[in-house]
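Novice: Letter by letter, the chains look like this.
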Amino acid sequence: MRFNLLLAAVIAFVVLAAGSVILPDWAMFLFAMALAKGLVCLGIVGMMRGGVVSFGQGLYYCLGAYTATLVANNLGVSDIFLLTLLSSAVCLLVGMAFGPLLSSYRGIFFAMLSLALSMVLYGSLSKMSFIGGTDGLNIAAPTFLGWAPEGRPLQMALYIYVVAIVVIAGVLMRIYFDSERGLLTLATRDNELRVEYLGASVRNVMTYNYVFGAVLGGIGGTIAALALGHVDPEFAFWTTSGEFVFVAILAGSLSVPSVFVAAIILELVRSFSNLYFPNTWQLALGIFLLAVIVVLPKGLGSLVSRRKGSPA
Amino acid sequence: MNKAVLEVRDLQKTFGAVTAAQDISVTVPEGAVYSLIGSNGAGKTTFVNMVTGYIKPDSGLINFGNRNIAGMAPRQITRLGIHRSFQIAQLCAELTVEENMLVADAIHGHPGPSFLRRAHNAEARERALATLERFHIAEHRDRLVPELSGGVKKLLDIAMAMAGETQIMMLDEPTSGVAADEKFPIMDLVMDALRSAGVTVIFVEHDMDIVTRYSERVLAFYDGRIIADDAPGEVLSDPEVQRYVTGAPA
Chain A
1 MRFNLLLAAV
11 IAFVVLAAGS
21 VILPDWAMFL
31 FAMALAKGLV
41 CLGIVGMMRG
51 GVVSFGQGLY
61 YCLGAYTATL
71 VANNLGVSDI
81 FLLTLLSSAV
91 CLLVGMAFGP
101 LLSSYRGIFF
111 AMLSLALSMV
121 LYGSLSKMSF
131 IGGTDGLNIA
141 APTFLGWAPE
151 GRPLQMALYI
161 YVVAIVVIAG
171 VLMRIYFDSE
181 RGLLTLATRD
191 NELRVEYLGA
201 SVRNVMTYNY
211 VFGAVLGGIG
221 GTIAALALGH
231 VDPEFAFWTT
241 SGEFVFVAIL
251 AGSLSVPSVF
261 VAAIILELVR
271 SFSNLYFPNT
281 WQLALGIFLL
291 AVIVVLPKGL
301 GSLVSRRKGS
311 PA
Chain B
1 MNKAVLEVRD
11 LQKTFGAVTA
21 AQDISVTVPE
31 GAVYSLIGSN
41 GAGKTTFVNM
51 VTGYIKPDSG
61 LINFGNRNIA
71 GMAPRQITRL
81 GIHRSFQIAQ
91 LCAELTVEEN
101 MLVADAIHGH
111 PGPSFLRRAH
121 NAEARERALA
131 TLERFHIAEH
141 RDRLVPELSG
151 GVKKLLDIAM
161 AMAGETQIMM
171 LDEPTSGVAA
181 DEKFPIMDLV
191 MDALRSAGVT
201 VIFVEHDMDI
211 VTRYSERVLA
221 FYDGRIIADD
231 APGEVLSDPE
241 VQRYVTGAPA
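Going down the list, the sequences are from chains A and B.
Residue 235 in the numbering used here sits at position 235 of the first sequence; the count goes up by one each step and never skips.
Residue 152 in the numbering used here sits at position 152 of the second sequence; the count goes up by one each step and never skips.
Rather than coming from a laboratory, the hints here were simulated on the basis of the structure.
For each residue, glycine too, the CB sits at the ideal point set by N, CA and C.
Computed cross-link-like contacts, DMTMM-like style, restricted to lysine to aspartate or glutamate with a CA-CA straight-line distance of at most 25 Å: (1) A:298 to B:94; (2) A:298 to B:142; (3) A:298 to B:98.
Label pairs and their computed distance ranges (CB to CB): (4) A:274 to B:130: 51 to 61 Å; (5) A:294 to B:150: 27 to 37 Å; (6) B:71 to A:97: 26 to 36 Å; (7) B:196 to A:294: 50 to 60 Å; (8) B:115 to A:85: 12 to 22 Å; (9) A:2 to B:133: 27 to 37 Å; (10) B:136 to A:85: 46 to 56 Å; (11) A:147 to B:115: 27 to 37 Å.
Which bits of chain B does chain A cover? Going by a derived footprint, with three or more residues having C-beta under 8 Å, they are: (12) 95-103; (13) 117-128; (14) 156-170.
With the rest of the complex left out, here is chain A:
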């Protein structure tokens, strides 16, 4: 079974990485951004499996992006691997600080508290003129273990890096979802009382999922900042977090690849509806989401999952 997963990961990497040769620049950028955001959404899906939805993943998306930018600008670190590692470490620590607090809440309280935390960051960054205020900061192009590509090679390298991270994160999350801890998360969503009376801590289950979401959010934010070359407080704004929830609902919690497919679909729908209906693209997006909810209430993942009675 693990061999099948590994094989699927290799195939996914080869197919996605082939995009670096085939895709035009604009599409490669769009896919890279979609996959980076997909990482953040994968974290939300992990929480959804436990029965909660974070409306504040923009917190970690923004935190990761700012950490990478500040480290690059102030410490002169440009290596993409190091920047990703540092920003995910910061998000891990912040996630570990907030996770135990948030894990006591459910439903709308969890959603609103997570949203509040991201808006606190948004408000704080907007007022901090020494790190750009509402204008944000620019970040220079990254290097790859000493290699400093420019132009299309840079875009290709960044794209392949995103694909590699997505495949690794996807495999790890699939292993987690299929593990004993993963099943415990589904049980927690279903019946917390039973889980506690079997001797497990529901709070721990929720905290782990939150912390994983934080790390994935940080990695996604780092990649997005490097792809854009710019970061601003909008990364933590509630509409950004709402977009992540949108993708998570679109994907459902049954399948890992569906999260990235949903993220790509969202980016495509948004880009093309923005192009063809510049004043009403949000309307087009809303109609699209409604259609998916009506036709596939358990998300895109339900098209491929064989699981019986699984969570939406």
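Put chain B on the given structure of chain A with help from the hints.
Specialist: Below, chain B without anything else, positioned relative to chain A:
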């Protein structure tokens, strides 16, 4: 008489003006089968809830394994060996019967649930199947909980509670919601499984036929107090018990 496995001393609990437990003291020997009887609101479930950590007593001691467990969290008490089932079976409705058992198995496995080990691994599935077979519900293993009958749900609830090192099993109305003709077969199955595992059993029950047939000792509750603590025949013939609990003529 075996050594005491559970000692409860002077347990008190009030909810506002209502006294749910008053001077509850009881000593349960290892391997015994106790039943708790009483009308609704007499304090039976409150007693079970206090022992299993769902409710914190206002005062009193609950000694188990040389430590006072009063006020501990349910999961800590479960880890120590006091397990329970519920009046309304507490199951994971979106999981199959087998997956419900796998959850219980994963929690009690060594060294606890893993992030890497597959939940559906062969050994765990084998253990789950063995437990389901012991409770005669293996044929339902691929079904979701909402598709099950009341009796099967009860058995699954108890089977899950049996996972791990159970020393005391507290069953809250194990036959409620079960068809009349299924009550004795279910109790036979449950009691056989518990006795063969050497587990001490405390169950809440309204059906006096079941109380008489399966328990060695009966605690009769009335108004938050224990009004009788003796063998079933003695308790059920006690005039006070007949007046306040069974309703049978004295």
